[in-house]
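Chain order of the listed sequences is A and B. Just so it is clear: in the first sequence, position 46 is 46 by my numbering, and no numbers are missing. Just so it is clear: in the second sequence, position 218 is 218 by my numbering, and no numbers are missing.
Rather than coming from a laboratory, the hints here were simulated on the basis of the structure. In this text the structure is predicted, and so the values were computed from the model without any measurement. You may find that some hints are simply not true.
[What the hints assert, rightly or not] Cross-link-like lysine to aspartate or glutamate pairs, in silico, EDC-like; alpha carbons within 20 angstroms at most:
1. 133(B) to 206(B)
2. 163(A) to 18(A)
3. 75(B) to 31(A)
4. 257(A) to 130(B)
5. 257(A) to 42(B)
6. 419(A) to 183(B)
7. 269(A) to 183(B)
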Amino acid sequence: MDTRIRSFIDTLLKRAVEEGFVESEVYFESDASTAVQALEGKIIQFESSDASGLSFRGLYNGQMGYAYTEDISDDMIPFLLSQAKDNCKVLEVKEKITVYEGDKEYPEFNGFNEELAKIGYQEMADAALALEKETLAYDKRIESVDDCFVAYSSGTLLIINSKGMVCESQDNSLDVYVGCRAKEGEDVQTAGKSWSFSSLGDLNISKCAETVGKKVIGKLGAHSIPSEKTSVILDRFAARSLLGAFAGAFSAEAMQKGLSRLAGRVGEKIANDNITLIDEGMIDKSQFCIPFDSEGVSAKRTVLIDKGVFTSALHNRKTALVEGKESTGNGFRGGAKGSLGISNTNFHFENGSLSFDDLLKKMNNGILITALHGLHAGVNAISGDFSLMTEGFLVKDGKITEPVNQITIADNFFDVLLKIEELADDVDYFAFDGAHIQSPSLLIPNVSIAGE
Amino acid sequence: MLSTASMERILTAALSHGGDFSEIYIERTKVSSVSLLNGVVESTGSSIDCGIGIRILEGDKCVYVYSNDLYNEEKLIRMAKNASASLSEVPGGRTVYLQPSISYLSQPCQISPSSVAKSEKVIKLKQAGETAKAYSSLISQTSAACADTEKEIWIANSDGLNVKDKRCRSRLIVQAIATDGNDKQTGYFGPGSGEGYEFTEKYDLDEKAREAARIASTMIKAKPCPSGKMPVVLGNAFGGVIFHEACGHALEATAVGIHSSYFTDKKGTAIASPIVTAYDDARIKKEWGSYDVDDEGTPSTTNLLIKDGILNSYLIDKIGSRRMGEPSTGCSRRQNYAFAPTSRMSNTFIAAGKSTPEEIIADTEYGLYAANMGGGSVDTATGEFNFSVNEAYIIRNGKICEPVKGATLIGKGNEVLMNIDRVGNDLKLSQGVCGSVSGNIPVDVGQPTIRVSEITVGGQA
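Start from the sequences and build out the full structure, keeping to the hints where you can.
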């Protein structure tokens, strides 16, 4: 940690006491990144950054007020303290909020790979150029690789408070994105995919190129189909987007504010017997381990749905206190600038027993959905209703046949939970997908598809 | 802030090896926000964002570095040199001298939002929440919020350009949620302006609170929307989001400059029905999406995108200009210093036509009336778009009939533009936030009431 930053924090916490804050906390985040973009055999964009932000929160008048700055100079201490205090004066939060004294022990985790940190511009540029070239070479119908990025980033997080808690973590990763465009006659299709690696050795350029190449070529010739009610399989990518769009329904904050249909329903059956939903901060070998949340509560494992029965919500310390429970370690901020809310860590439906191919056979006839679009707009996160543009393939006699697009899928998430007929066994935390939310492929009967 | 001499040294360092153009963008932004849930002040925020972005171009290649350590000139010079060295290992370059600075005032504010106590803002927000709640017993929750931004920027480049600008924006948000059993429906408005607290002070938020409550309590009683292809009448104001997504993004040099857009090489040809004329106009005074000078220091323009159905102009930034061989249209924008700027929209709208909205409805035998749109997205290579509809009704025999919920519109941008067969005379703008490669930026969308002869409507029924 930069000594200038550390001394700024120490002074800030000391001045906070003098200003009458009963408790106070500093949340400091610092990120550095380097990214290259390849286009038409050249590196057309190179980006490099080094940025940090510091958030102060303090308890005054029984309220927790926040203020944030990216300008970390001593002149900003009066700004942070006066703004946080002014904010306390207008806040009317009824629940008691305090800063945490910290846990005795935290899970061991080092998210920072020293080897990966040595990666230089040339290696990244070579990787991006090779990725573009191999993607283009996959099939001559691939006209262009419009987006081909390789990025390295590292981050440091430090939470220090007046109760003596000090939580610090460091991580780094190598992120890759490739998006391409294929053309056959007048038909244009696009496909893209991102990956996140914690070690350079895991990056397999040919495999990445092949995955995206195969994806885009498979979409050529896609057409709409007449509207119908039919069985669908959401593959693991589509299934996790759907789960992600409604993950907020499991937040105790949403329940306490009357913004979740799950409020007051612990102990009730809310899903089919084959459904178990888990949130766990530390997943063995996963690059996404999160040893503590933004309040400094150590990682937990929470079973949210146990064989169809709703067993627990996700809590931070504030919502847990309201219900006389312990925090589930899900108190997170959306970055240093955000105030404390609730979000999931590694969140997933447990695997079913069928292989993906057997799931196709089980459905026999229907649609395999491979992507859901417009998730930021086409879902009613509270009621569970969704109507989304989608694409995929027709499945006939258990086999994937022609591609379909220009269709929508509509249903209700809470109804879907109850009617998921079968789950595949393909959850994969180690596929370098860069996603905290995972699901196996899901077979769902009687879903509305709209098309021609 | 960095002195002119410091900026000259950084710009010079940025050309020390490779690069034919260097640019600095420095920003200091104050943001203040308050938000209420059910009349209770639940969260407040105060923040200062500040940082510097250094960009180097060599042809259409771009190097971008940023930091918020504005106090360390030595470090910034080192970053600039390293960035330049990523373009070429051979030392070269030239010394940059800046012209005297030109000050713009894109969005002057009469009352600085940061000078107004939050308690004063809270009074207005509480009132709006109460109004929404009182509208109907179906309203179970309300929320109201305000957010103000005061942004100061400095742009300097190796051509000697030296520009300052101040931008002040204010936004109000009101939302009402209606409940009926397990169903919840939301009505929402987020009016904004390129003004200071004077906007917040004079704005009739109560009227929008009633509107939000009306939408939520109407939609909670609505049946699921039918699916299939049908004529769709799109209401004015935020209905323009369809043009923004389905056409605007595909006219940006970001896509056209690399030939990935379906509108590449279409200038001078018909891309829309002949009754469609559309603009991107950053020069509308005090508007949310307006600015006098863009984030590359180029003065903004009133850009006629489509005239009587014929593609007239693209949205072009500096790199796009180099790729396309056409001048910049003053549309280069970014969320903040952490993003390299690129071609973006400002206030984008379909111009008013001749029909009255009543005539358009009366002339429709059967279809969907999408009175208020939600968000959406588009793939600029294939033209495929999707939007959600927040308030919709079935049109039957020329009359607006029962409300329907959960509608999604999908289609291809190029087809929809051609299928616009009525354009109303009730043009109105509406404010939103557009997310793309250079981050989230304030934009206006807009249109009069229009009719599209056929769109695929997705619904649960």
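Verification of the hints:
Proximity of residue 133(B) to residue 206(B) is assessed by CA-CA distance (about 11 angstroms); at most 20 angstroms being required, the pair is judged to hold. Taking the CA atoms of residue 163(A) and residue 18(A), the gap is near 16 angstroms; set against the 20 angstroms cutoff, the hint holds. As the CA atoms of residue 75(B) and residue 31(A) are separated by approximately 16 angstroms, the hinted pair is consistent with the 20 angstroms bound. A distance of roughly 17 angstroms separates the Cα atoms of residue 257(A) and residue 130(B); the hinted pair therefore holds under the 20 angstroms criterion.
With a C-alpha separation of about 11 angstroms, the suggested pairing of residue 257(A) with residue 42(B) holds against the 20 angstroms cut-off. In summary, the hint linking residue 419(A) to residue 183(B) is supported, as the alpha carbons are separated by about 19 angstroms, within the 20 angstroms threshold. Of the pairs offered as hints, the one joining residue 269(A) and residue 183(B) holds, with about 19 angstroms between alpha carbons and a cut-off of 20 angstroms not exceeded.
The structure is consistent with each of the numbered hints, conforming to all of them.
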